[in-house]
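In case you want the letters, here they are:
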Amino acid sequence: MDTNTSILSIKNIVKHFDISGGVLDQLSFQNGKIVRKKTTVKAVNDVSLEIKKGETLSVVGESGCGKSTLARVVMGLYPPNSGEVLYKGERIDHLTHEKMLPFRKKLQMIFQDPYASLNPRKTVWQTLAEPLRFHNPGINATAVEDKIASVMEDVGVNPAWKGRYPHEFSGGQRQRISIARALILDPDFIVADEPVSALDVSIQAQILNLLMEAGRDRGLTYLFITHDLSVVQHISSRVAVMYLGTLCEVAKADALFATARHPYTRALISAIPRVGEKKAKHIKLKGEVPTPVNLPTGCVFHGRCVYARERCVQEVPKLLSLGDGTFVACHGVEENWEMV
Amino acid sequence: MSHLLEVEDLEVKFALRGGDLTAINGASFTLDPGEKMGIVGESGAGKSVTGFAIINLISKPGFISGGRILFNGEEISSFSDEKMRKIRGNRISMIFQDPMMTLNPVFTIGTQMVETLKAHRNISRHDAEKIVLEKLKKVYIPSPEKRLSQYPHEFSGGMRQRIIIAMSLLTDPALIIADEPTTALDVTIQAEIMDLLQELCDTDEMGLILITHDLGVVSQVTEKMAVMYAGKIIEAGATDQVVTNPAHPYTKGLIKSLPGMIKPGEDLYQIPGMMPNLTDIPPGCAFNPRCPVKEPVCLEKEPKLLSTKQGIMAACHMVGQ
Amino acid sequence: MVSFIILVLFLLLSIGAPIISPYNPYDSANIDIMNSEIPPAWYEEGSTQFLLGTDNMGRDLLSTMFYGLRISVMIGLGAVFLQAMIGIMVGLTAGYVGGKVDAVLMRMADIQFSFPYLMVAIFISAVFQILFGIGSYEKLAVPLLVVIIGLSEWPVYARTIRASVMGEKNKEYVEAARVIGLSRPVIMVRHVLPNTLTSVMVISTIQVANAVMSEAALSFLGLGMPVTMPSLGSLIKSGFEYIFSGIWWITIFPGIFLILFVLVINLLGDWMRDVLNPKLYKG
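If you read the sequences in order, they're chains A, B and C.
Take 1 as the starting number for the first sequence in full-length UniProt numbering and just add one per residue.
Take 1 as the starting number for the second sequence in full-length UniProt numbering and just add one per residue.
Take 1 as the starting number for the third sequence in full-length UniProt numbering and just add one per residue.
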């Protein structure tokens, strides 16, 4: 991939969480000896992605696959254990708080739960004015007012309601305010973490339209995190499928939904309940979802894959290019096994 | 008398400080043995309350203020608490969204299931365990004998929901009410659970009421469906019909607004505004402020749920009856 | 609601004690030892001059009680203010920063909590009296009691605040503030703290009641306010010596006064917990 056109590069990101608690909690008794054991959740394991300017890259996967963790590593909310995050060629994952500030204006985030992502004790005006004044010290009062009014207008919230508190708004309106907070700094890259999954169907469409419109008008690049494949199909230019902290497949959206290559992607796509289609003929997976605490050896998917062979248990598959922008990490695809 | 369940003009109110609030305003439907019905709607539309009303489990300050519910021809809505307890969890089972709400974390699966069964049937522990094992096999729990002595937290989300289903099957109910049973689960697991529910209904002649916001799930699982909006059923009929050829402008908009209904990247159809709060439902048709085809009559008269030409029922003045 | 009115009444009494009271119990010119131990007005020996009688030093009991309430309230509020300041700072830091800082701060709170405050009080007042002499004790008794009670009870705040900070800090609005680039202290004070204040309000009422009780207990043991500047507790104590000689009023009236005061504060606390908890209304 051409690094010149990519706005954000994620290189070999690894993020593990230590959940073993204090030193005393780590001690356990084994074979007559006291052993100190650490429990780590291996949320993201060696993930690399290039996000090109102006595109919408969706990361999909089921709960616990590490997609939200990846989003937070990109935003600098979690420091990665190893790997790099680059914004327009500059490394941003190891910066100090002060050095990171100029990048904060350019990278913004939209959260999942509109009830938790707005501070309940702040009015809309306070929520929107805070980032604006923080990043533009000395900005005059009329400029703040104008900016807030125009952003509220853009996201479809009546600017006259700026004095209200979050609890006076419905879920959809709160999500609009949350989007306004992200847009007010005029960012060019937005991470959206499940922005519509907490909303009702008729409101989902409104918010998705708003996001797409803002993307077009402002030339935004989105990293879109979601588990909802029908949303992914609708809004993405490219899709990355994650399973247990690893990338299975990266492809252009239309290609992925037309001819998915990885067995997991296929199962996932076949499981989408679609209106008007009778009786789902979804691909059944075997076994149970392993936990990210004890990752399986080899291909993380082998325990649930009906095509798994010896090599899948032994060796971790690499993400290989199949041309046309499709990348798949599967021994079966690499060796052309028969997988129907 | 052939109906398994008959709900007639069900009305549920909540007694609040500012006066009574109508949560369900005259809902009627029937369900036959082995029939699968979906109730869809947005949050606050009254779909969950309907489910609770059937098993007479509406918590204070809510109460059933009108209508009748007949189960196998008996009017269960007027049953005493004690009589209702014999029906609830026995002849009618309920499955909830979050399995951890139903499972007690401090007891093993085996203990909980055996106790549940013994609460309804006068049988020995040994016999109860046999039935429990049989039901666990039925929901495809691998090596059920081993699983009996495990605690809820040792199971994955999907497995827990299977156990809940097995639990609801213990007493061979005639009707299962499933309230968003797969909303908390991943798509691949959701597909498996839905398969399972469908299979159980088909083999055991069990009735299913599936309460969900997901039109895709309803369309794949159920034979008939009802769409609720602001406490009322506004459209009902055979699922195929409703989904492919809806009559009510709300249902039309809802289906049109789904991603996947149009070409990727294009603007989705959007219904403007949002569902009104139950405290300030507009006069006339509750949908009128959002409706693209409204006429003056919609602001004044509340439409009734009537048969349409397509053979489904819709509550809309603008639909040709 | 009734409790609230009574509480306001109590507070007015304590603030306006110098205006409302018929006599000034601190002014020795007003006090005549000949007037000592006069029973309440409805007794034969009683006098309408002293509505609830006088104490052993000849002070009008009603006035002394009002002044005593004033001192009790002052110590109560002062101590709670001190507790809240320390507790909020410790709790907020421990909860938000977490890790080792959290462990150290909370162990400190545990240690502090495991000392009975009476022991601390005895120790501090003994040290104080040695250092500054008994003479100056009278003047510094109020701030001293504020410090003693304040220092002994701050872990209550620290723990409550910490628990509620831990709940708040994982919410998405805190992440949103970090995405904006706000610094840690700013997020702590401007975003997290306001959302924990509900619990602060509720425990504060209970803590005021506790502090007033603690002060009364200390005074009763002779470690609190001196008799020349009596709080409700020291009034009860001074009367206690005479209770068996039939002079019951010096103890009983301040006692009832104290119980009523603590009761209304606690009722207010309960009421506030209900009002400030939005969950109870959502049902």
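Treat the hints as calculated values from the structure; they're not laboratory data.
Glycine residues also receive a C-beta, built at the ideal position from the N, C-alpha and C atoms.
There's no promise every hint is true.
What follows is a list of derived Cβ distance ranges for each label pair [stated by the list, open to error]:
| hint | chain 1 | residue 1 | chain 2 | residue 2 | range |
| --- | --- | --- | --- | --- | --- |
| 1 | A | SER270 | C | MET108 | 53 to 61 Å |
| 2 | B | GLY273 | A | ASP217 | 34 to 42 Å |
| 3 | A | LYS99 | B | TYR140 | 18 to 26 Å |
| 4 | C | LEU221 | B | SER43 | 56 to 64 Å |
| 5 | C | VAL275 | A | TYR115 | 41 to 49 Å |
| 6 | C | VAL275 | A | GLY32 | 53 to 61 Å |
Derived lysine-lysine pairs resembling DSS-like cross-links, with alpha carbons at most 30 Å apart [stated by the list, open to error]:
| hint | chain 1 | residue 1 | chain 2 | residue 2 |
| --- | --- | --- | --- | --- |
| 7 | A | LYS284 | B | LYS309 |
| 8 | A | LYS106 | C | LYS100 |
| 9 | C | LYS100 | C | LYS171 |
| 10 | C | LYS169 | A | LYS11 |
Some residues of chain A that are not near chain C, with every Cβ distance over 12 Å (derived) [claimed, not checked]:
| hint | residue |
| --- | --- |
| 11 | THR39 |
| 12 | ASP93 |
| 13 | ASP113 |
| 14 | SER117 |
| 15 | ILE139 |
| 16 | PRO166 |
| 17 | PRO290 |
| 18 | THR297 |
| 19 | LYS318 |
| 20 | GLU335 |
These are the hints, each one checked on the structure:
no.	hint	verdict
1	A:SER270 - C:MET108: 53 to 61 Å	holds, 57 Å
2	B:GLY273 - A:ASP217: 34 to 42 Å	violated, 23 Å
3	A:LYS99 - B:TYR140: 18 to 26 Å	violated, 55 Å
4	C:LEU221 - B:SER43: 56 to 64 Å	holds, 60 Å
5	C:VAL275 - A:TYR115: 41 to 49 Å	violated, 21 Å
6	C:VAL275 - A:GLY32: 53 to 61 Å	holds, 58 Å
7	A:LYS284 - B:LYS309	violated, 40 Å
8	A:LYS106 - C:LYS100	violated, 34 Å
9	C:LYS100 - C:LYS171	holds, 22 Å
10	C:LYS169 - A:LYS11	holds, 29 Å
11	THR39	holds, 17 Å
12	ASP93	holds, 15 Å
13	ASP113	violated, 6 Å
14	SER117	violated, 4 Å
15	ILE139	holds, 15 Å
16	PRO166	violated, 9 Å
17	PRO290	holds, 25 Å
18	THR297	holds, 33 Å
19	LYS318	holds, 33 Å
20	GLU335	holds, 43 Å
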